[in-house]
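Assemble the whole structure, with the sequences as input and the hints as a guide.
Chains as they are written, first to last, in our numbering: chain C, 1 to 274; chain D, 275 to 586; chain H, 587 to 1020.
Keep in mind the hints are simulated off the structure, nothing from the lab. In this text, all values refer to a predicted model and were calculated from it rather than measured experimentally. Built from N, CA and C at the ideal position, the CB exists for glycine as well. Any given hint could turn out to be false.
Claimed, not checked - To list a few chain D residues with every Cβ distance to chain H over 12 Å, as calculated:
1. G295
2. R302
3. L323
4. T337
5. V374
6. P375
7. H391
8. A394
9. L398
10. N422
11. G436
12. P477
13. R478
14. M528
15. G531
16. W576
To be verified - Per label pair, the in silico range of CB-to-CB distance:
17. H59/C to R496/D: 55 to 65 Å
18. C12/C to Y330/D: 18 to 28 Å
19. E1002/H to D9/C: 51 to 61 Å
20. D220/C to K911/H: 17 to 27 Å
21. Q650/H to I17/C: 56 to 66 Å
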Amino acid sequence: MATRRHFADSACWLGLIAGAAVMVFPIYWMFATAVRPHAEIFEAIARLVPSSLSWSNFHTVLTRYPVLTWVNNSVIIAVVAVALTVFINLLCGYTFAKFRFPGRNILFFAILGALMVPIQVILVPEFLIVSWLGLLNTHLGVILPRAAEAFGIFMVRQFMVSIPDELIEAARLDGAGEFTIFFRVVLPLSKPIIAVLVIFTFMWRWNDFAWPLVALTDQDMFTLPLGLNLLRGEVNPDWGNVMALALLSLLPMLVIFLAFQRYLVQGIASTGLK
Amino acid sequence: MPESGVVTLPATSIARRHRAGWWSTHQRRLVPYLFIAPNIVLFAAFSFLPLIYAVYISFHDWTLIGEPDFIGIGNYQRLVYDSLFWRALANTLVYAVGTVPTSMAIGLLLALALNRHMPARSFLRSLYFLPLVVSAVATGTIAAWMFNDNYGVINAIIVRLGGSRVAWLSSPYWALPSLVLTTLWVRVGFCMVVYLAALQSIPRMYYEAARIDGASAVRQFRHVTLPLLKPATFLLLVLSIIYSFHVFDLIYVMTGGGPGFSTTMLVQYIFRSAFVTSEMGYACAVGIALYALILGFTVLQWRASRQTENVM
Amino acid sequence: MNSTHRVRFVDRRGFLRAGLVTGAALAATSLRRARAQSPVTLTLSVWGAQAEQDAFNAVINKYQQLHPNVTIRLEVNGNSMQLYQLVDTRLAGRQAPDIFRIQYQQVGRYALARALVDLTPYLDPGYAGQFGPAFWQAVTFQGKQFALPHHTDTFALYYNVEFLRNIGVEMPRSLERSLTWDEFIRIARQLKQKSDAPYGFAMGWQNSAAYRWLPFLYQHGGQMLDSELRQTQLASPKGVETLAWTQSWFKEGLVPPSTSVKSGEQTQNLFANGTIGMLLGGDWQIPFLQQNMTKYTWDVTYMPRDAAMASDLGGNCLAVSRDSKHPDVAADFLKFIVNEENMREFVTAAQFLPVRTALMNQKLDYALRPDAMQVYVEQARTIPDHLVRTVTMPVFSKINAAMADELDLTFTSGQEPTTTAQNLDAKIRAVLAG
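What follows is the structure, given as structure tokens:
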């Protein structure tokens, strides 16, 4: 019985490894295309392992295009967006979790409704509004329209529901103001959900494509996805370069992910999906 | 994770002298509105205002580069008889049906498997989540590259295994499946993570009790696990359906809506109407129809599940 | 610089109009002279490969040196579709770039919507005569000029020298002896069966460049519209036969199935790696082939012909958008770009064809493969006038979209040519009716 269990466990584990290999293969292939010799890229019979390694594509991409500028733009937009979005999501989710006030349900459903608007519908009107505000081709013009994130609000609310009311009441009885309660009582207890929010928000803002495509017109203001689209959309794209840039744009996200990933499952679990 | 119980808070650090001022008496009532104000303002300005404007434009004919021309409900009338609209809707539904239950089922299987103890468990979990982290543009690019009929690695592997080349991206029959496969690659990790989290919050004692009662593993799954996963399932269902109705970047990069119209989804059709055929008014009408559709779906799901308060 | 002195007044209204134009021009001249000194920033939005970007940057630097108060920013888009999407959105928000590059087939759409600045007041009389008449006509709308022609390009037939040698075929070396349709298909079949290439050839009409199908119609002796550009003629025998012939490429497997009109397939890659033995492609592909076709050598011959010879109208012009805050400076820069010296430098560096009559008759010093470019120069003379008039109609972009849809169905889904012709006729009639 034990050996059968053991066998089943090993088979399961091997299966998972095979599956993981499939998950990782496209990223490996991105890497292989970026480093293999040029002539090999279009071979009819694709070699699984590049015959030789060459970093020239990375060199070309970094010198011919303002990639570091693009990275800079992506970083600024992502970091500011994360700071802003996570903060207002925490405020908002806390409010829906712990306060009763007139109009609460309507506002909640309104936010839910915003979650479902497909961006293509509002792309042009949003462009008109942002251009009227004079924010076209600026970092703020990319950050603000996407700063309100409904998904984050729901996750925070879900999490905060499980914070004991007694703690908050106790602080109120002690005479603490609402802002103080939020900062001194609620936030310290919210570390897991903050980690989850940071990962997801950073991921969404870093990979944002449709809106920045319309809002940023100057090549020097491009974010990495826009730069990648530029390379990819060329009439004769250089695939080695395209993959090199794709890989470069993936790296920072990978780093953030690896740093925070252990909080991910724990954080989502703490939203109390019961 | 906050535990219920006594927590002693240093009284001196948060005690304030009770001040009978206007603010302290009214703050409890005003603070909720203050706290949600940033989000409400942003949503109003950048989601609802544009939506209202889109509704307004949907009653016009507009090439974007000229002036809008009022035409009443002409766009909506056209929508009803537009075979391309229904085709795009059908494609979107097929895509949703192909990706949503599949990704959730695979995600659940992965979560069950990865919930057990095994070497490198955390690392393996990260690997499955990794595809979600890649941008849609990069994913579409690499997928188009791998599925390429002539020099894609997937066909190369098939040929090496003795099969014949599949016209993944140039055949109207295979293009949608390639999209579905790529989407599954992206989404199973997300479903896995949510299910993992849900599985971990099921108290062990339920399983203990079931085992004592003599239930087999399968029965434990059916009677303990599945019911307690309902909130997670509901959440994933709603989010996945919204995602499948919204997906644009991936398709834009991978197939552009073709070949023919086989991978043209509703969002793609909106984009095409707005920017390719210069019919912004019609694009807005289709967009409003799509929005109504998503809203309708979500409301139906809401009613079907009794989990409203627990999940959202 | 632009004061009118040769005014023909037929009646009082004409005289009045002439007077107003004179006065306006004089005012504009003095205003321009005053304004030209304060710092001005212009944006120039283009797409193009590296060679084109470099060429644009070169002419920008030249202009900035001559006019130190003017700064010009180059915005690069991946391809023309991306540019049109961006420019259209920005026009809607009244934030369009000062100058942008447009294909001849798209000028009419912008002119019709009054999105471009009328350049006529900035042009000397007789300016028109310096350009090839077909191209000048392409930028004229309701008697006024809304863009300046920059260059043209066309299609010819690339072939893999080794493959052709292996099947023992010699390609024609003069326009008069270009391949007939039958000869062309025969070579394609031989390539598919006997050479290393799995497919005979491919046609470079991807990314919805459906207008590139029209030359085959003209080669067969047909037209899409009548001479007044009012009635559709696709459902005629010539139209249906051409549809059937181009469909047969796909049915017989002579071309890769992924090379239909709406796909994103990169046909130059297929040619470079030997998947296809011949490529119907444009002159701008030369820099790519020079760099990437390392396993084989390539050469170029003329398009196949049937009842007649015809090729595609390609190329772009440049226009000033209505949102420009300095239309006079923008127009001045435009004229600078398309002057004889700069046009010559641009086309020779980026492998395009000139549109000034003076340059069209010269032997130009192309950076790469001047022998191959010579074929294109000759081929460009076979672009039918009627084709130019058809594709430069203001509503042509809508016709192009309809053509892309129907042709794609014909090639990928086996739609009957007669059905395609009828569908297209109906759609085009709807577009023409407005």
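These are the hints, each one checked on the structure:
no.: 1; hint: G295; verdict: 47 Å, holds
no.: 2; hint: R302; verdict: 43 Å, holds
no.: 3; hint: L323; verdict: 15 Å, holds
no.: 4; hint: T337; verdict: 6 Å, violated
no.: 5; hint: V374; verdict: 27 Å, holds
no.: 6; hint: P375; verdict: 29 Å, holds
no.: 7; hint: H391; verdict: 47 Å, holds
no.: 8; hint: A394; verdict: 39 Å, holds
no.: 9; hint: L398; verdict: 35 Å, holds
no.: 10; hint: N422; verdict: 8 Å, violated
no.: 11; hint: G436; verdict: 18 Å, holds
no.: 12; hint: P477; verdict: 52 Å, holds
no.: 13; hint: R478; verdict: 53 Å, holds
no.: 14; hint: M528; verdict: 9 Å, violated
no.: 15; hint: G531; verdict: 8 Å, violated
no.: 16; hint: W576; verdict: 35 Å, holds
no.: 17; hint: H59/C to R496/D: 55 to 65 Å; verdict: 57 Å, holds
no.: 18; hint: C12/C to Y330/D: 18 to 28 Å; verdict: 57 Å, violated
no.: 19; hint: E1002/H to D9/C: 51 to 61 Å; verdict: 59 Å, holds
no.: 20; hint: D220/C to K911/H: 17 to 27 Å; verdict: 21 Å, holds
no.: 21; hint: Q650/H to I17/C: 56 to 66 Å; verdict: 59 Å, holds
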